[in-house]
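Protein chains: 2
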Amino acid sequence: MTTNPSFEDASCPVPLAHNDRIVIGHGSGGKMTHDLIRKVFLPYFDNPILKTGDDSAIISFSTGSKFAITTDSHVVDPLFFPGGDIGRLAICGTVNDLAVMGAAPLYLTAGFIIEEGFDISLLHSILLSMRRSAIEAGVSIVAGDTKVVQRGKCDKLFINTSGFGIIHDNISISGANAKPGDMVIVSGSIGNHGIAVLAARGELGFDTNLTSDVAPLNHLVKSILDISTKIHVMRDPTRGGLATTLNEIALQSNVSIHLEEKNIPVLPAVRATCEMLGFDPLYIANEGKLVIIADPADAHKILAALQNHPYGRDAAIIGKIVNQPAGHVLVRTEFGSSRLVDMLAGEILPRIC
Amino acid sequence: MTTNPSFEDASCPVPLAHNDRIVIGHGSGGKMTHDLIRKVFLPYFDNPILKTGDDSAIISFSTGSKFAITTDSHVVDPLFFPGGDIGRLAICGTVNDLAVMGAAPLYLTAGFIIEEGFDISLLHSILLSMRRSAIEAGVSIVAGDTKVVQRGKCDKLFINTSGFGIIHDNISISGANAKPGDMVIVSGSIGNHGIAVLAARGELGFDTNLTSDVAPLNHLVKSILDISTKIHVMRDPTRGGLATTLNEIALQSNVSIHLEEKNIPVLPAVRATCEMLGFDPLYIANEGKLVIIADPADAHKILAALQNHPYGRDAAIIGKIVNQPAGHVLVRTEFGSSRLVDMLAGEILPRIC
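If you're matching them up, the sequences are chains A and B in order. Quick note on numbering: the first sequence equals residues 1 to 353 in this note's numbering. Quick note on numbering: the second sequence equals residues 354 to 706 in this note's numbering.
Hints were generated in silico from the structure; no laboratory data involved. Heads up, some of the hints might be wrong.
Stated by the list, open to error - Result set (DMTMM-like, lysine to aspartate or glutamate): computed pairs, CA atoms no more than 25 Å apart in a straight line:
1. B:575 <-> B:489
2. B:509 <-> A:119
3. B:615 <-> B:695
4. A:156 <-> B:472
Kindly produce the complete structure, drawing on both the sequences and the hints.
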């Protein structure tokens, strides 16, 4: 149990002269989000559990039990998109944040902020989707809250889901555990979610058959934890895409990640859309993909297990961990040159999750 | 651990023909909120933990440990009001939902939805207030999330806080535990929060010196749990006010609650404002008050302990539990007549928390 020192320590940890304003990029999941969290949020909530930078907080009790806790607010626009909706997203996002820490997700809470005038039949559809996703993941929604705001004071519906899971013995997975020599595996093609949501907004000017990959990954995670004890890092690369997630890991583990561009699975529809719009698929959000960093001795076994599961069929080994340049991600292009891949800088697709 | 039966059970539990729309009253915390939850939300999330109707879900593990989990979204308008702000509200609301179940609050998550253009100096003030309230309550914020939506797509800032606490042995507190003969105690004057927020909106047309009662009540709760094992029900009467909370308890316990109007503490400023606007203080939100229903043998001891604490100084015994009419709350007016006090019907003060 972490206790904050005393009421007297409640002084302001940072000077209060700030003239800046929140911009869309602060919600990108990329560099600006990281800066906002590091410079604005963390000084106030500083505690050893929050600081790890992983997808869930890990709490150890004196009984030896270890739990994972996480939270995620969902503001996706539009509420319904090919392959999913805000309800499925809200369940899967939180289930996945627990699962990638090696936790078995058990209990979720759901907080709804609804705009006055919202169509209750749409609410039914979204709740049904949440129910189906929760059943698929094997989690129960144990607490809820509903707030209604006046017309124009929120955009239709926002859903916060917080989650609670149990971590079984001998599992120690963290973004800080990547080691030189480890292999980098992705569980399938990247960018599907972001491009599917963009298409659903009607902003592409053409149709795609693309669907979001939004899915609960806890069963997929279990299938690889069951066969390997050498998984060092797991993450789901959501906002900010694969590039941002790998940069976070490179920083947390103080290693370098080298990717082979030709091995990174990207569907033709995603590739074509990205080329047309000048996007890089490495920065497009996913909602049903895993990145795994594991000991090379188990990498092919893990790959085979992933490919054996419906949500991991297109899994691939896409790179490896090396020592230098520490804290950086490099990708070797199909032409043989290497380029540095930074975190997402601004924001390319707001409100993607 | 609750597991949902199987993926095949994911059929729609209610017919999908609904022409209704969400109205402000659905967020009142009163009767319309209850109907929405019972008719729309519960059929989809039906499980034995969620159904209890208490302020937190209680989860028992096979190890014998019992935990409480809760969630609350905060959309208060304005963000700053006399005596508090959305940050203090977000911490205290969730701490109190745990505390009234007899849980020691330990860990909170915080999810921020921020409108583009929001002044970061205001964010600092709100985070400082959260920090101070968390330190006062002795809880740690262990996980967070930040989303940014475009200008006009939310009202400045919404904060969801979810909470996790541990329930010590021998504590069994629930809205279903009120017994005929029990005494009803309130920890202080009612309606302060609602009227203070209303005044901060500038809608009163006159000034008051009233401040919100928003406060973390876990230490107050501990002070009475330490001296009595005969506390049957605890609640914090927030949205919907004391009347709605007592109606919930009367229904959950299938008892009748009889109040003495003259014993219910109401500050003169609240009383005057309510009289002027035609409100009943029984329906005005509180954010730092407890209702306790306890065995008469311990009632005066509990009252004394409450009055000994800064947040319980004006505590009073305000009524008792009887058999009939079951599921109803009656108040004996200062003139000796009795009137039925129902749940809040529509919405008198939207976005109060």
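Going down the list of hints, with the structure as the test:
1. B:575 <-> B:489: holds (14 Å)
2. B:509 <-> A:119: holds (24 Å)
3. B:615 <-> B:695: holds (19 Å)
4. A:156 <-> B:472: This hinted pair holds, its Cα atoms lying about 24 Å apart.
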